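Participant: The primary structure of each chain is shown beneath.
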Amino acid sequence: GAGVSQSPRYKVAKRGQDVALRCDPISGHVSLFWYQQALGQGPEFLTYFQNEAQLDKSGLPSDRFFAERPEGSVSTLKIQRTQQEDSAVYLCASSLGQGQETQYFGPGTRLLVL
Amino acid sequence: AQSVTQPDIHITVSEGASLELRCNYSYGATPYLFWYVQSPGQGLQLLLKYFSGDTLVQGIKGFEAEFKRSQSSFNLRKPSVHWSDAAEYFCAGQGGSQGNLIFGKGTKLSVKP
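So the sequences go chain by chain: A and B. The first sequence begins at 118 in my numbering and counts up one residue at a time. The second sequence begins at 6 in my numbering and counts up one residue at a time.
This is chain B alone, in the form it adopts within the complex (with noise of 0.2 Å):
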């Protein structure tokens, strides 16, 4: 069956350090794949995707995800870490014909300051 799988449930950094987030996935052929941020009451904001070509894609807010086919991975980062990046964030996949996404438990980021 297709999953993706975040491991972490909850991650604190501190403000200025770096981050990075895992993803797994398990799809029958590479997937497309995203990742998404939610505030406490919001809706999910699309950060960055990838469907294909270059393995590193950039995003929104200063993250990025590597795309790594051998470990089926696709982890996000990002250089430095602001107080506002506190939010949960969501890895998803997204394959067949139709196009609904499969997503991960999530991971919850604090920053302390």
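One chain only, chain A, in its complex shape (with noise of 0.2 Å):
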């Protein structure tokens, strides 16, 4: 079937606009994660579900993000007041099971926050 679909692919926000970034899995995937790529870097850990729960936040980089999945498929990662600094790539990656499996990523968000 079909991978990890994100959108949108492109985003423009203005500082201090709210944003939403949709994920789609892989059909049937339990474990969902969202990462950050910055400019340059590698992609870092922001969020982890298994199927609706939420189950590690500790990546998230301040209060203004929010991520849910409410109904264990699609998720969304919501950033609130945006700053220049969440200017980055968002990648959503699913995996089948939980704990150790190889993750199928989606092409990502490009955020560009003016």
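I should point out that these hints are in silico values taken from the structure, not numbers from a laboratory. Take the hints with a grain of salt, since some may be wrong.
Derived lysine-lysine pairs resembling DSS-like cross-links, with alpha carbons at most 30 Å apart [unchecked claim]:
hint, chain 1, residue 1, chain 2, residue 2
1, A, K128, A, K195
2, B, K66, B, K113
3, B, K110, A, K195
4, B, K110, A, K131
5, B, K110, B, K54
6, A, K128, B, K113
7, A, K131, A, K174
8, B, K110, B, K73
9, B, K117, B, K54
10, A, K195, A, K131
11, A, K174, A, K128
12, A, K195, A, K174
13, B, K110, A, K174
14, B, K66, B, K117
15, A, K128, B, K110
16, B, K66, B, K110
17, B, K73, B, K113
18, A, K174, B, K66
Just a few of them, taken from the derived set where beta-carbon distance is under 8 Å, the chain A residues facing chain B [claimed, not checked]:
hint, residue
19, G159
20, F162
21, L208
22, Q215
23, Q217
24, F222
Simulated restraints, written as ranges between beta carbons of each label pair [said to hold, decoys possible]:
hint, chain 1, residue 1, chain 2, residue 2, range
25, B, S85, A, R181, 44 to 54 Å
26, B, K66, A, G214, 24 to 34 Å
27, B, K110, A, T219, 39 to 49 Å
28, A, D180, B, S89, 39 to 49 Å
29, B, A22, A, R181, 41 to 51 Å
30, A, R181, B, S23, 39 to 49 Å
31, A, E169, B, T60, 14 to 24 Å
None of these values were measured; they are calculated from a predicted model. Glycine included, each C-beta is placed from N, C-alpha and C at the ideal position.
Relying on the hints, combine the two individually framed chains into one complex.
Facilitator: Below is the structure:
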């Protein structure tokens, strides 16, 4: 079937604006991860869901970042009152089970905050 | 703290030459290890992975990697590079119960004609 999809692919926001980034994981995948990739850096972990439960949000950089996966499939990462330092590529990944398994990545959403 | 290090930021090789990209890890126990490739504007594509067993693993596109516990390394190799291999390569480690990946900073590969 289809891979992981993300939308929008590109987002330009004015500083202070709220944004919502969507991730559609591979159907049936239990685990879903969000990563942030700053320019010239490797991806860094933000948060992890197992089905609808958010089991780890230790990587979220501030309380302006919020993620949800209410029905255990699609996930949304919301950033409130965006700042310039939020500019990055936001990657979503899913895996079939839990724990140490292969993660499959979406194409990412490139966010630019002006 | 757990970490993955890619010592080379940028490598340039001639087309047809061999390639080795370095990766070192620091974990309490041996993690699962991955190599991903990222082309400009694209997501991460899995090249290969090491979970256990044979320390030489084969991946897609003619890549292979060798796990060396004594050196805490998982270097990526290819015997003959093609121009289409130009991209950024990320090594990642995965440990613990939930499986979030820890990435190195990446190595950008340029290929000379």
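Participant: Go ahead and decide if the range 41 to 51 Å is satisfied by the Cβ distance of A22(B) to R181(A).
Facilitator: holds (47 Å)
Participant: Is the distance from the Cβ of E169(A) to the Cβ of T60(B) consistent with 14 to 24 Å?
Facilitator: Roughly 38 Å apart at Cβ, these two residues miss the hinted range, so it is violated.
Participant: Given F162(A) as an interface hint, is its Cβ closer than 8 Å to any Cβ of chain B?
Facilitator: holds (4 Å)
Participant: Let's test the interface hint: is any C-beta of chain B closer than 8 Å to that of G159(A)?
Facilitator: With Cβ-Cβ at 3 Å, under 8 Å, it holds.
Participant: Interface hint check: F222(A), Cβ to nearest Cβ on chain B, cutoff 8 Å. Holds or violated?
Facilitator: holds (4 Å)
Participant: Would you check the hint for K174(A) and K128(A), treating anything up to 30 Å between C-alpha atoms as holding?
Facilitator: Within the cut-off at roughly 23 Å; holds.
Participant: Would you mind confirming whether the straight-line C-alpha gap from K66(B) to K110(B) stays at or under 30 Å?
Facilitator: holds (22 Å)
Participant: K73(B) and K113(B) were given as a pair; does the straight-line alpha-carbon distance stay at or below 30 Å?
Facilitator: The given pair, whose Cα atoms are some 23 Å apart, holds under the 30 Å limit.
Participant: Just to be careful, I want the Cα atoms of K128(A) and K195(A) compared with a cutoff of 30 Å; is the pair within it?
Facilitator: Holds, at about 13 Å.
Participant: Has the hinted range 44 to 54 Å been met by the Cβ atoms of S85(B) and R181(A)?
Facilitator: For S85(B) and R181(A) the Cβ distance comes to about 48 Å; the hint holds.
Participant: Given a hint of 39 to 49 Å, does the C-beta separation of K110(B) and T219(A) actually sit inside it?
Facilitator: Given a distance of about 22 Å, which is not inside 39 to 49 Å, the answer is violated.
Participant: Against the range 39 to 49 Å, how does the distance between the Cβ atoms of D180(A) and S89(B) compare: consistent or not?
Facilitator: Given range 39 to 49 Å: holds, Cβ gap about 43 Å.
Of the numbered hints given earlier, the model fails hints 18, 27 and 31; all others are met.
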